[in-house]
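As you go down the protein sequences, you meet chains R and Z in turn.
Taken in order, the first sequence gives residues 735 to 844; the numbers are from the numbering used here.
Taken in order, the second sequence gives residues 5 to 117; the numbers are from the numbering used here.
Since the hints were derived computationally from the structure, they do not count as laboratory data.
Ideal Cβ positions, reconstructed from N, Cα and C, are used throughout, including at glycine.
Misleading hints may appear alongside valid ones.
Claimed, not checked - Derived pair list, reagent style SDA-like, types lysine to any residue, alpha-carbon separation capped at 25 Å: (1) K779/R to P12/Z; (2) K836/R to V116/Z; (3) K779/R to Q15/Z; (4) K779/R to R113/Z; (5) K776/R to A818/R; (6) K776/R to N799/R; (7) K813/R to L781/R; (8) K46/Z to P844/R.
Stated by the list, open to error - Reference listing, derived: stretches of chain Z covered by chain R, where coverage requires no fewer than 3 residues with Cβ under 8 Å from a Cβ of chain R: (9) 40-51; (10) 54-62; (11) 98-105.
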Amino acid sequence: RKEVEQDPGPFNVPEGATVAFNCTYSNSASQSFFWYRQDCRKEPKLLMSVYSSGNEDGRFTAQLNRASQYISLLIRDSKLSDSATYLCAATRGGADGLTFGKGTHLIIQP
Amino acid sequence: EPEVTQTPSHQVTQMGQEVILRCVPISNHLYFYWYRQILGQKVEFLVSFYNNEISEKSEIFDDQFSVERPDGSNFTLKIRSTKLEDSAMYFCASSRGRRPEAFFGQGTRLTVV
């Protein structure tokens with residue numbers, strides 16, 4: 735099972751700022767990609783799927799670059815409640831489980 | 005909103021004992037998964053289950069582990085003879101299949117003493 739790599743951080747960001755994370759994956763057979771959010775000692779919660787064309791959900795924008803095998807997440811106008819660990823995940827789809835990165839820890843400061 | 009539910013939320017067991025972790029996946033989902041997360045480490049895939057059989061399993065999922073769907077709603081993970089290093093958070097997840105987004109239960113914290 736090949737790897738997904740993320741910068742663990744922590745990223746300390748003032749409230750209202752824009753922050754971006756990257757994630758790289760090594761399995762070129764991966765077909766689907768996701769960002770999950772994980773709060774301390776809680777389950778991963780799906781934040782958004784990542785599509786080749788890029789996708790946006792409110793303050794969150796995700797991009798996929800298949801040629802360079804990386805995924806990005808941009809958070810605009812960050813809020814205190816965005817403080818969490820953000821997990822990047824990849825899968826070949828179907829019954830193939832998710833391969834997660836170690837996560838990037840984000841701290842939004844007032 | 006439908007959700008994956010897991011029981012118990014916390015289980016303490018003695019080394020060498022058998023444990024069964026239980027999950028109720030989202031009702032119209034077809035793929036079921038178990039993951040584990042050792043404290044401070046990443047979420048790791050254990051096994052996937054589809055059409056009443058194991059589809060894929062990781063190196064972690066050795067002979068001491070087994071999964072079962074004993075009825076139409078429950079999905080269980082059994083650890084036959086627990087070791088100290090099995091202490092972790094165990095997450096169940098399910099997905100619809102056609103759409104690969106997986107949704108996670110709140111987890112069972114397993115502590116082996």
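Hints broken by the structure, by number, lowest first?
As far as the earlier hints go, 6, 8 are violated by this structure, in ascending order.
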